[in-house]
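A.B. asks: Given the sequences, and given the hints that come with them, work out the whole structure.
As a plain string of letters, each chain reads:
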Amino acid sequence: MVRQAFGHSTERSVFTRAARFFAPMRIMFVLALVAFLFVVLFPFYWMIVSSSKTLFELSGRTPTFWPGNWTLEAYRILFEELNFGTNMGVSFVVATTTAVLAVVLASLGAYAVARLRFRGKGLMLNTILIVYLFPGVLLIIPLFAMLAQIGRWLDVEIADNLPVLILTYLAQTLPVALYMLASYFRTVPEEIEEAGLMDGLSRLGVIWRITLPLSVPAMASVAIYTFMIAWNEFLYAFIFLNNRDLFTLPIKLLSISQQLNTRWDVVMAASAVMTIPVIALFLIFERFLEQGLVAGGVKG
Amino acid sequence: MGFLRAQTLQQREARLAYALIVPTFAIVAGLIIFPAFFSIWISFHDIGLDNLNDVFRAPFVGLENYWRVVNDYAFPEALVTSIVYSFGGTLASVSVGLMAALLLNQRFHGRGLVRAIFLFSYVAPVISAAFIWRWVFDPTVRGVANWTLMNLGVLSEPLAWFGKTGLALAMVIVFEAWRYFPFAMLMILARLQAIDATLYEAAVVDGANLWNKFRHITLPELRYVLGTLFLLRLMWTFNKFDDIFLLTSGGFGTKVLPILTYEFSFKLFDFGRGAATAMVLFITLIAFMFVYVRKVLEW
Chain Y
30 MVRQAFGHST ERSVFTRAAR FFAPMRIMFV LALVAFLFVV LFPFYWMIVS SSKTLFELSG
90 RTPTFWPGNW TLEAYRILFE ELNFGTNMGV SFVVATTTAV LAVVLASLGA YAVARLRFRG
150 KGLMLNTILI VYLFPGVLLI IPLFAMLAQI GRWLDVEIAD NLPVLILTYL AQTLPVALYM
210 LASYFRTVPE EIEEAGLMDG LSRLGVIWRI TLPLSVPAMA SVAIYTFMIA WNEFLYAFIF
270 LNNRDLFTLP IKLLSISQQL NTRWDVVMAA SAVMTIPVIA LFLIFERFLE QGLVAGGVKG
Chain L
-7 MGFLRAQTLQ QREARLAYAL IVPTFAIVAG LIIFPAFFSI WISFHDIGLD NLNDVFRAPF
53 VGLENYWRVV NDYAFPEALV TSIVYSFGGT LASVSVGLMA ALLLNQRFHG RGLVRAIFLF
113 SYVAPVISAA FIWRWVFDPT VRGVANWTLM NLGVLSEPLA WFGKTGLALA MVIVFEAWRY
173 FPFAMLMILA RLQAIDATLY EAAVVDGANL WNKFRHITLP ELRYVLGTLF LLRLMWTFNK
233 FDDIFLLTSG GFGTKVLPIL TYEFSFKLFD FGRGAATAMV LFITLIAFMF VYVRKVLEW
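Residue numbers (the numbering used here), protein chains in the order written: chain Y, 30 to 329; chain L, -7 to 291.
It is possible that some hints are incorrect.
As the list claims (entries may be wrong) - With the Cβ distance kept under 10 angstroms, some of the chain L side facing chain Y (calculated, not the full set):
| hint | residue |
| --- | --- |
| 1 | ASN45 |
| 2 | ALA121 |
| 3 | LYS156 |
| 4 | LEU184 |
| 5 | ASN231 |
If you're looking for bench data, these hints aren't it; they were derived computationally from the structure.
Here a beta-carbon is modelled for each residue, glycine too, at the ideal position from N, C-alpha and C.
C.D. replies: Structure follows, in structure tokens:
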């Protein structure tokens, strides 16, 4: 009895001690969480608020945290005077083409890597993955020189050539796309594919009718992922594009910010127009995308 | 031709495999692998705007480009700045990522949403992120950071956050932490969730407190992922161009080697010197990785 009572009382005191200990822990936890959320979200909140302020509120000595009168003036300037719509179109075309081509090409390659046996597979795969080592700034110089040379041979203008830009984006995104899709294809049960072969389908038939339809989610996530990379890319577009009408959004945004007397409401509006689609895509497809983020395709 | 028809199934599959992978391989080889080697070649030649479209006949200059890079007045500072920036940025983003991962490893309502929000800064375009930061930290009083700190009495006059030597470097490191902690967070979180819960239960029975549990279970279990993360982030930060270029254009003590590479090639149009700078950057990185992988990761 005594021993039991003793045991019981220790247990209770452990419990109350834990409760006392946990209350401050709980508060610290909530505080930390709120601090994190604030630091992550405030810049985005400030972007949207600043883009919708009147000039008076924007440059006043006391910042307004909530605009008295919301205005879309900055967005009007952006689209009507600065032709932002054209550049959105360019960015959209570039990013979509990159995404579609990356998914198509990487799916084919990934199938070969995941399912077929061929000589030199290891070497080829390592060569493709080694890309991670090469910094963008290291590659931009030889790329520029090489493409200028090829352009002279073929009599093609390399600057302001969107297909060339897309090609360089493909080179940057294909390795990750291949890697992601290959690891997905390996999860498709081999028995299903073998059953298809038994039923008289060719390998290509198996790929087209069995593997690809089963892999739509993975392909969609690779597509969105490469779309985001191409949409956000700065350095290559900065080097390769000179014509205002062909600027992708990042370069357009830079040029707007470099005008005399930077209009911060307009810069913030442009940032918002560029950021919101990306965040929306990410939120919708978050589950699929995280794998790619961990694979580190952004190289960022 | 007879033997072509008599191919085995295996041979046919191999041929198909080559056909499937060749487009990807060709693009990567042509636009990344070849340029990488070409870069070495360029670094030994004199290439400017005048002979850019006739590169293969550019004069060979031996090590002159390297000599001029190493003796450039901006080089030593850029090397040191690069090292400070990449180590500082890596440490900051990995440790903030660790904190975020530990928070998200707790169970609470809305955890999925918070986790998604934490990734915003990582998925947002770098250019928007950089401009938002420049606006938040505007050097005048209309910058919300200056205004708030002045009102709280912390500052007496507005600070040029990105326009003061020393502070600017610290700020780009803070930006680095803000923008890239989610990458570390995701990788650490995945590992945290794989830790066997019975380890903690056993530790509690042995009377371990929170710190003991973290120090003797969590940290050892995370050792490998933290080591890998550190290497990846360091590599990427060392090569990073966009962020600093957009925040400070490399001014005020933030000129890192990638910025120097850019300036030599696309401002002075001395591509040979630019390529040599990039090679120096690359060699430094490889040397570091070699030591790191053997000493720290013990591969």
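A.B. asks: None of the hints should be skipped; say for each whether it holds.
C.D. replies: Going down the list of hints, with the structure as the test:
1. Among the interface hints, the one on L/ASN45 holds; its C-beta lies about 4 angstroms from the nearest C-beta in chain Y, closer than the 10 angstroms criterion.
2. For the restraint placing L/ALA121 at the interface with chain Y, the shortest Cβ-Cβ distance is roughly 7 angstroms, inside the 10 angstroms limit, so the hint holds.
3. The interface hint given for L/LYS156 is broken, as the beta carbon of that residue sits about 19 angstroms from the closest beta carbon of chain Y, more than 10 angstroms.
4. Below 10 angstroms, beta-carbon pairs count as interface contacts, and L/LEU184 has none with chain Y, the closest being about 13 angstroms; its hint is therefore violated.
5. The restraint placing L/ASN231 at the interface with chain Y holds, with a minimum CB-CB distance near 3 angstroms, inside the 10 angstroms limit.
Violated hints, in rising order: 3, 4; the structure is consistent with all others.
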